[in-house]
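Asker: Next come the chains, spelled out residue by residue.
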Amino acid sequence: MWQYILKRLLHMIPLLLGVSLLTFLLMALSPGNYFTALQQNPQISPQTIAQLKAEFHLDKAWYVQYIFWLKNVLCGNFGYSMAYKISATSLIMARLWNTFVLAFCALIIAWGIAIPLGIWAAVKKGSWVDHACSLFAFVGLSVPDVLLSLLALWFAASTGWFPVGGAESPLYDFMTPSQQFWDHVHHLILPAIVLAASDLAGIMRRMRSCLLDTLRAEYVTAARARGLGEGWVVYKHALRNAINPLLTIFGYSLASLLSGAFIVENIMAWPGLGRLTIEAFFAKDSYLVVDTVVMATALLVMGNFIADLLLAWTDPRIRLK
Amino acid sequence: METAQPTPVIVMQPALSPWRLFWQRLKHRKIAMTGAWILAVLYTVAIFAGFISPYRYDTIHDNAFFHPPVWPAFHGLRLAVPRSQTLPGEFAYRNVRSDTKPLHFFVRGGEYKLFGVIPCSVHLFGTGDDNYPVYLFGADQFGRDIFSRLLYGSQISLSIGIVGILLSFSVGMIVGGIAGYFAGPTDTVIMRLCELIMSIPALYLIISLRNTFPPGMSSSQVYAMIVVILSFIGWASMARVIRGMALSLREQQFVLAARALGQSHLKVIVRHVLPNTFSYVIVAATLSVPYYILGEVVLSFLGVGIQEPQASWGNMLTAAQNTEYLKNYPWLLAPGAAIFVTVLAFNFLGDGLRDAADTKSD
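Here the protein sequences line up with chains A and B, keeping their order.
Per the numbering used here, the first sequence starts with residue 1, numbered consecutively.
Per the numbering used here, the second sequence starts with residue 1, numbered consecutively.
There may be inaccurate statements among the hints.
Said to hold, decoys possible - Partial selection, computed: residues in chain B whose CB lies under 8 Å from chain A:
hint : residue
1    : Arg97
2    : Met191
3    : Glu195
4    : Ser199
5    : Pro201
6    : Ala202
7    : Ser208
8    : Asn211
9    : Gly216
10   : Met217
11   : Phe301
12   : Trp331
13   : Leu333
14   : Ile339
15   : Leu344
None of these hints come from the bench; they were simulated from the model.
Idealized CB from N, CA, C, for every residue including glycine.
Kindly generate the complete structure, drawing on both the sequences and the hints.
Answerer: Below is the structure:
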């Protein structure tokens, strides 16, 4: 097992290097940088700009910039955000945490609802429950995140039950810690539900088909023949085997959550990594764009790694490869 | 004692081609055919967008900001549209029921180009008078008819899916075919590249790719840019699957036979290996079209795709991001409904195609 973990971890290094190199190359190809706008400002002298450029190594070739950047990142320093005028590391870590919280809550909601629904639909195959679930799945798979987020905004604005965007109230700083926590939860509920909804349908459909497959297996018939109760057969014998293939879509689920979070964050003003990427993009804060892309990739790669570990843990055949 | 057995008569049925069998299985799937019909209607409407829409996408009506939807109703035997009136002192519209104007068909209106070439000014319906507007889905913040903009936008959204699929799938098939056919180091290099692209969350990659294009491009350049960006990401997953299929196909005897007959490697890949993956490719293509449509929507929605005054489903939704607008004028969400219907139709059709292509299920 340890060998497997080590192998997978070593595999991640060239991947992350490749991703950072690719994003850096794309950044180098982009026309203009943060200082292009500053040059228009008559109050800033060309010398100052040249000095600043030298400080950020923007006057050198892109691969030299990349080496400087890589050296800093390896020491845990993501550089300095030119647009925000603060250290990019603290900025990214705060935003990364927000995205992680949002995605994690959405993950819990999506799987928490999808698994029981999928089981219910499979057990009651052909009934109205099954048909309702499959209709719901079709709708859920087709409704775009953009529309769902806008509908949630509309809901929040017209009922007033939920705050319209943002992660905390204006009075956040004056609250007691427990109030702050509940304020945070209040802001989190709607974006997390929207994000979960986009993922729910796929997982439910998969759960249903996996369970139906195992219910057809011979050992299930054998269990029934021995006179075991239906509940015992489904939950003790079939379900345990049906859950296994679902772990493989855990990784895909994470990828779609991260991309979905990008949209939800931008529409519902949740201060996460995706929103930071767009803000940095519009400010032409190129280093910050690279940082966010690499961090998002790292988050996804780590998620896939955990999914693979879970799979290897439950299925001993995989460890042998 | 032998009795003469009647010789069995063998009636030769003409063998059905695989495509015919595929079509026959598809025909019986109601959901798939519903999807196909919805798409047929949507694409027809998109082609005739200029003719069907009562106004141009950029016709601004100064007195109709956020005008609510107005539908023609029967007055006697004729369809007619009521006069719209702004109430003095407040921002609201009122329909004057007593003052109506009949709806005319094939009425003259704003100039447009049918199929992008034939100059024309005849519209399917309209009143020909701006005081009697016919806004099926209301008007936006500039007093432009949302229904007309929706139709013009559908030209972009619906075509971008097809163009994007054609580009990324041809690249994905060729590259995947080469990787699987040659195997070895070629395969390793190509697959590592695919993994690299697929490990970046799609929207983050889209934004960093968008970053490499200069601002201030013409609308056709923007269109091409969106297709290129989305295809740059889309080809990788296709290449991976095709590569897996090609890996097993290269061991088949017909590939050996083609090689023995002296065909070049490229010809073997294109003529013998890839055609065997078509049934998978068609299903995958149908199910991937929504990805391209949504990609355009997100880019335009964020303001880095199709630019105003050009209409696209994405940039029309940008107005709905303003919660005050959204609360008071929910018809701004109409493009969202259009996206939903289109994606749903593609999913219906794709699901049916997948079932029809799966011969094992029968």
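Asker: Work down the list of hints and note, for each, if the structure agrees.
Answerer: Here is what the structure says about each hint:
no. : hint   : in the structure
1   : Arg97  : violated, 28 Å
2   : Met191 : violated, 12 Å
3   : Glu195 : holds, 7 Å
4   : Ser199 : holds, 6 Å
5   : Pro201 : holds, 4 Å
6   : Ala202 : holds, 5 Å
7   : Ser208 : holds, 5 Å
8   : Asn211 : holds, 4 Å
9   : Gly216 : violated, 10 Å
10  : Met217 : violated, 11 Å
11  : Phe301 : holds, 6 Å
12  : Trp331 : violated, 12 Å
13  : Leu333 : holds, 6 Å
14  : Ile339 : holds, 5 Å
15  : Leu344 : holds, 4 Å
Comparing the model with each numbered hint stated earlier shows that hints 1, 2, 9, 10, 12 do not hold.
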